[in-house]
Each structure stands twice: as C-alpha cells, then as structure tokens.
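Participant: Sequence:
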Amino acid sequence: MLTDELQRVADRAKRLYEEKHRQTLEESHMGAFVCIEPESGDFFLGRTFDDAVNQAIDAYPDRLTHTLRVGHAAALHLGTVIQ
-19 MLTDELQRVA
-9 DRAKRLYEEK
1 HRQTLEESHM
11 GAFVCIEPES
21 GDFFLGRTFD
31 DAVNQAIDAY
41 PDRLTHTLRV
51 GHAAALHLGT
61 VIQ
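Take the sequence shown: its position 32, counting from 1, is numbered 12 in our numbering, and each next residue is one higher.
In short, the hints are calculated from the structure, not lab data. Among the hints, a few may not be true.
What the hints assert, rightly or not - Computed spacing ranges between beta-carbons, pair by pair:
hint, residue 1, residue 2, range
1, Thr(-17), His9, 26 to 32 Å
2, Glu(-15), Gly11, 28 to 34 Å
3, Ser8, Phe29, 16 to 22 Å
4, Glu(-1), His52, 14 to 20 Å
5, Met10, Asp(-16), 28 to 34 Å
We put the CB at the ideal spot given by N, CA and C, even for glycine.
Please take these sequences and the hints and turn them into a complete structure.
Facilitator: Here it is, written out as structure tokens:
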C-alpha cells in the first residue's frame, strides 16, 4: 500500500496525464514510458522505464515522480500471462 504522500503524487501525475498529455502522446508515442513530475508538470519520455525515470531524476533529483506507459493501463506487469 502506498503512503499518503506517494498516493497524492501518483494521483496528481495521472490527472496531469489524462488532462494535458494523453491525447497528444497516444498519437505519437504509443507504448513509450512517460515519467511525470507533478509539482512542475514536466514529463520525460523514454523507450524504457529506466530511460524515462533517469531523465526525471537528472532534472529533479529530490522530487517524487510517477511513471506511466502511454496507451496502457499500467507501466509494468507482474505475474504471468494466461493464453
């Protein structure tokens, strides 16, 4: 379970994504990772999770961020896939 602070960061980042970035990013960056720094509203795109997160850390080393995968319900999948 997330702490209250982490939940607020995730909620704000998801809201920013939905309200400001989703349509544009899904048109041109489907499947990319987007790491959002919710205080500034800045976002960082990467082909991999690490690419996006490392860009955000370089820009905002002391801030919490949240990472999403463009066009997907979740950035990562844990577990198995049943076919």
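Participant: Now tell me, hint by hint, if it's right for this structure.
Facilitator: Comparing the hints with the structure gives:
Against the hinted window of 26 to 32 Å, the Cβ-Cβ separation of Thr(-17) and His9 comes to about 30 Å, which satisfies the hint. For the hinted restraint 28 to 34 Å between Glu(-15) and Gly11, the CB-CB distance of approximately 29 Å keeps it satisfied. Range check, Ser8 to Phe29: about 19 Å between beta-carbon atoms, so the 16 to 22 Å window is met. Glu(-1) and His52 have their C-beta atoms about 18 Å apart, which keeps the hinted 14 to 20 Å range intact.
Look at Met10 against Asp(-16): about 32 Å separates their beta carbons, and that is inside 28 to 34 Å.
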